[in-house]
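Start from the sequences, fold in the hints, and give me the full structure.
If you read the sequences in order, they're chains A and B. Mapping of the first sequence onto my numbering: residues 15 to 326, in sequence order. Mapping of the second sequence onto my numbering: residues 4 to 284, in sequence order.
To be clear, the hints were calculated from the coordinates, so they are not data collected in a lab. None of the values given here were measured: they were computed from a predicted structure. There may be inaccurate statements among the hints.
Said to hold, decoys possible - For lysine to aspartate or glutamate, the following DMTMM-like pairs were computed, each having C-alpha atoms within a straight-line distance of at most 20 Å:
| hint | chain 1 | residue 1 | chain 2 | residue 2 |
| --- | --- | --- | --- | --- |
| 1 | B | Lys-142 | A | Asp-34 |
| 2 | B | Lys-138 | A | Glu-59 |
| 3 | A | Lys-326 | A | Glu-253 |
| 4 | A | Lys-55 | A | Glu-100 |
| 5 | A | Lys-110 | B | Asp-62 |
| 6 | B | Lys-138 | A | Asp-34 |
| 7 | B | Lys-141 | A | Asp-34 |
| 8 | B | Lys-138 | B | Asp-62 |
| 9 | B | Lys-51 | B | Glu-192 |
| 10 | B | Lys-202 | B | Glu-192 |
To be verified - Sample of chain A residues lacking proximity to chain B, with all beta carbon distances greater than 10 Å (derived):
| hint | residue |
| --- | --- |
| 11 | Asp-34 |
| 12 | Leu-44 |
| 13 | Lys-200 |
| 14 | Asp-204 |
| 15 | Lys-244 |
| 16 | Gly-298 |
| 17 | Ile-322 |
Ideal Cβ placement from N, Cα and C applies to all residues, glycine included.
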Amino acid sequence: MSKIATREAYGKALAEFGKDPNIVVLDADLSKSTKTDTFQKVYPERFFNIGIAEANMISIAAGMATCGKTVFASTFAVFASMRACEQIRNSICYPKLNVKIGATHAGISVGEDGASHQTVEDMAIMRSLPNMTIICPCDGIETRAAVKAAIDIKGPVYLRLGRLALPLVHKEEDFSFELGKGIQLKDGGDVTIIATGLMVYKSLEAAEMLKAQGIDARVIDIHTIKPIDKDIIVKAAKETGAIVTAEEHNIIGGLTGAVAEVLVQNYPVPLKAVAINDVFGKSGKPDELFQEYGLTPENIVKQAQEVIKMKK
Amino acid sequence: MEKQQLLELKKTAVRIRRHIIDAVYHAGSGHPGGSLSCTDILTVLYFKHMNVNINDPNDLDRDRFVMSKGHCAPALYATLAEKGFFSTEELKNLRKIDSFLQGHPSMKDVPGVDMSTGSLGQGISASVGMALAGKLDKKDYRVYVIIGDGECQEGQVWEALMAAAHYKLDNLTVFLDHNGLQIDGKITEVMSPECLPSKFRAFNWNVIEIDGNDLIAIDDAVEKAKATKGMPTMVVANTVKGKGVSFMEGEYGWHGKAPNKEERDKAISELDKAMELLGGE
Numbered sequence: 015m016s017k018i019a020t021r022e023a024y025g026k027a028l029a030e031f032g033k034d035p036n037i038v039v040l041d042a043d044l045s046k047s048t049k050t051d052t053f054q055k056v057y058p059e060r061f062f063n064i065g066i067a068e069a070n071m072i073s074i075a076a077g078m079a080t081c082g083k084t085v086f087a088s089t090f091a092v093f094a095s096m097r098a099c100e101q102i103r104n105s106i107c108y109p110k111l112n113v114k115i116g117a118t119h120a121g122i123s124v125g126e127d128g129a130s131h132q133t134v135e136d137m138a139i140m141r142s143l144p145n146m147t148i149i150c151p152c153d154g155i156e157t158r159a160a161v162k163a164a165i166d167i168k169g170p171v172y173l174r175l176g177r178l179a180l181p182l183v184h185k186e187e188d189f190s191f192e193l194g195k196g197i198q199l200k201d202g203g204d205v206t207i208i209a210t211g212l213m214v215y216k217s218l219e220a221a222e223m224l225k226a227q228g229i230d231a232r233v234i235d236i237h238t239i240k241p242i243d244k245d246i247i248v249k250a251a252k253e254t255g256a257i258v259t260a261e262e263h264n265i266i267g268g269l270t271g272a273v274a275e276v277l278v279q280n281y282p283v284p285l286k287a288v289a290i291n292d293v294f295g296k297s298g299k300p301d302e303l304f305q306e307y308g309l310t311p312e313n314i315v316k317q318a319q320e321v322i323k324m325k326k
Numbered sequence: 004m005e006k007q008q009l010l011e012l013k014k015t016a017v018r019i020r021r022h023i024i025d026a027v028y029h030a031g032s033g034h035p036g037g038s039l040s041c042t043d044i045l046t047v048l049y050f051k052h053m054n055v056n057i058n059d060p061n062d063l064d065r066d067r068f069v070m071s072k073g074h075c076a077p078a079l080y081a082t083l084a085e086k087g088f089f090s091t092e093e094l095k096n097l098r099k100i101d102s103f104l105q106g107h108p109s110m111k112d113v114p115g116v117d118m119s120t121g122s123l124g125q126g127i128s129a130s131v132g133m134a135l136a137g138k139l140d141k142k143d144y145r146v147y148v149i150i151g152d153g154e155c156q157e158g159q160v161w162e163a164l165m166a167a168a169h170y171k172l173d174n175l176t177v178f179l180d181h182n183g184l185q186i187d188g189k190i191t192e193v194m195s196p197e198c199l200p201s202k203f204r205a206f207n208w209n210v211i212e213i214d215g216n217d218l219i220a221i222d223d224a225v226e227k228a229k230a231t232k233g234m235p236t237m238v239v240a241n242t243v244k245g246k247g248v249s250f251m252e253g254e255y256g257w258h259g260k261a262p263n264k265e266e267r268d269k270a271i272s273e274l275d276k277a278m279e280l281l282g283g284e
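Put into structure tokens, the structure is as follows:
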């Protein structure tokens, strides 16, 4: 199966949808890594390198947006969400400006660069900003649709993208993407695995493993972290009675937090999380890091077994 | 500048100063000192140079203004009201719960405000974005900004200066409201950003130094900026904090404090006297 990183799909989508003359792309000296150079090659006049100055880039993006531009601003997720956090809040979210933050190298799958360049906090931080929409696509096909959706809605969007090449979860032919709506990938009645980003394909693998044990797991791909799809979560809680969340992010404040908030306020059922347990990452190969931090199909299976035991 | 036009501008500046004092007095909080120091700059920009349309505040071809030192919202709001974007009566509602006049400039709430500001250092970057968009679209609008000298302690200001020079944004004119004071005291004592003019020159900006409370000097600087090609212009406007109100002048205590009734009356009577000296309304 051919693999593609979501950052790669992001660059291609920018080049594809970039024919709209209102679209401009900014980068902070990482265009070869964030893949905005794919856009730059096609539309050099609408690409602006701001240099290693992320805070400046975000506020410049805001200024361009006030002049009617649809602005994509890209850097690594760690710098976008934290170095430039207050600029995102005050220059973009408060005035609700049309800026899309293409945050690549999210999670620990950055690998060898280590904790300084990995991001386990960004969704928690971005979720708490009013007016912000957060999309964390699980494969190249979903990324293309996410970029299109980000262009179509007017306002701030945080696109959470990864470095690692991923297998395709979706099929081009029958794929439809609706912002704020989760996608049920597999039906099941015993437990629901709600996953985002690269944990989605691992959840499908986990569901196969569970099936072999006679456990029928539902799998939901949540691409839009905010606004979260309340309906699909509550329905899953009612029909399966137990939830496992799976995300390449701190257990605090990301997908797990968002799902838990929906559950406790609407239909409380037991929940177990496959996430990073409030620690920083470290250097290593992505697969080694997944093992170390439990971001594996095996751990999803284990948590599913545990949460089923908690069902009343 | 013609004599009559200069006289009118002087009267407008006095009106704006009266609005500032009254607005901050009614609000019971706010920033009069820095608002008064940059009033003359705003007067020349909005009443002589800027192409803005009060009936279409979001006209894409308009000149832009960014109050990067956003705490001087009273000066910006007073100027916009005097220009006709909204009623001067509204100024009395500054900072009140049901008012659109937020404590710091909010572009979504206040007609005529081109960028939300308040967090120092961000406005000047946004103005770089506006100027860059203007170049990209081959529009001939100009972007004007006021930054504070204390604000220059923010690293982001220097990122913005670097980017504006790199992209040769000659459609961008920044005024440094160089009043020498910040909340905690003299800028040179708190954390000296000096020598600012030479730093701006080192960042490849066209630098003009003027008396920033002199309307003719401000006007000349704007003309020179318009005539400068290939680089952005920084007007180092040496100003007096609290300008126009004797007991506020040069006093950093008036950075962020509202006058009480007695102080308000004294300030207004001084400004009324200034208006009389100009021949009255």
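Here is what the structure says about each hint:
1. The hinted pair formed by B/Lys-142 and A/Asp-34 meets the criterion: a straight-line CA distance of about 18 Å does not exceed 20 Å.
2. Between B/Lys-138 and A/Glu-59 the alpha-carbon distance is near 11 Å, which keeps this suggested pair within the 20 Å criterion.
3. Restraint check for A/Lys-326 and A/Glu-253: satisfied, since their Cα atoms lie roughly 13 Å apart, inside the 20 Å limit.
4. Between A/Lys-55 and A/Glu-100 the alpha-carbon distance is near 31 Å, which puts this suggested pair outside the 20 Å criterion.
5. For the hint pairing A/Lys-110 with B/Asp-62, the CA-to-CA distance comes to about 19 Å; that is within 20 Å, so the pair holds.
6. Annotation: proposed proximity of B/Lys-138 to A/Asp-34 holds, straight-line Cα distance about 18 Å (limit 20 Å).
7. For the suggested pair B/Lys-141 and A/Asp-34, the alpha carbons sit about 17 Å apart, so the restraint of at most 20 Å is met.
8. A hinted pair counts as satisfied when its Cα atoms are at most 20 Å apart, and B/Lys-138 with B/Asp-62 qualifies at roughly 17 Å.
9. Proposed proximity of B/Lys-51 and B/Glu-192 is contradicted: the alpha carbons are some 36 Å apart, above 20 Å.
10. Of the pairs offered as hints, the one joining B/Lys-202 and B/Glu-192 holds, with about 18 Å between alpha carbons and a cut-off of 20 Å not exceeded.
11. Annotated as non-interface, A/Asp-34 keeps its C-beta farther than 10 Å from every C-beta of chain B; the closest such distance is 14 Å.
12. For A/Leu-44, the non-interface assignment is confirmed: its Cβ lies about 16 Å from the closest Cβ of chain B, beyond the 10 Å cut-off.
13. Chain B leaves A/Lys-200 outside its interface by the beta-carbon criterion, the shortest separation being 43 Å against a cut-off of 10 Å.
14. With a minimum CB-CB distance of about 48 Å to chain B, A/Asp-204 clears the 10 Å threshold, and the non-interface call stands.
15. With a minimum CB-CB distance of about 27 Å to chain B, A/Lys-244 clears the 10 Å threshold, and the non-interface call stands.
16. Remark: the non-interface label on A/Gly-298 is consistent with the geometry, its nearest Cβ contact in chain B lying 33 Å away (cut-off 10 Å).
17. Against the 10 Å criterion, A/Ile-322 stays outside the reach of chain B, whose nearest CB is about 48 Å from its own CB.
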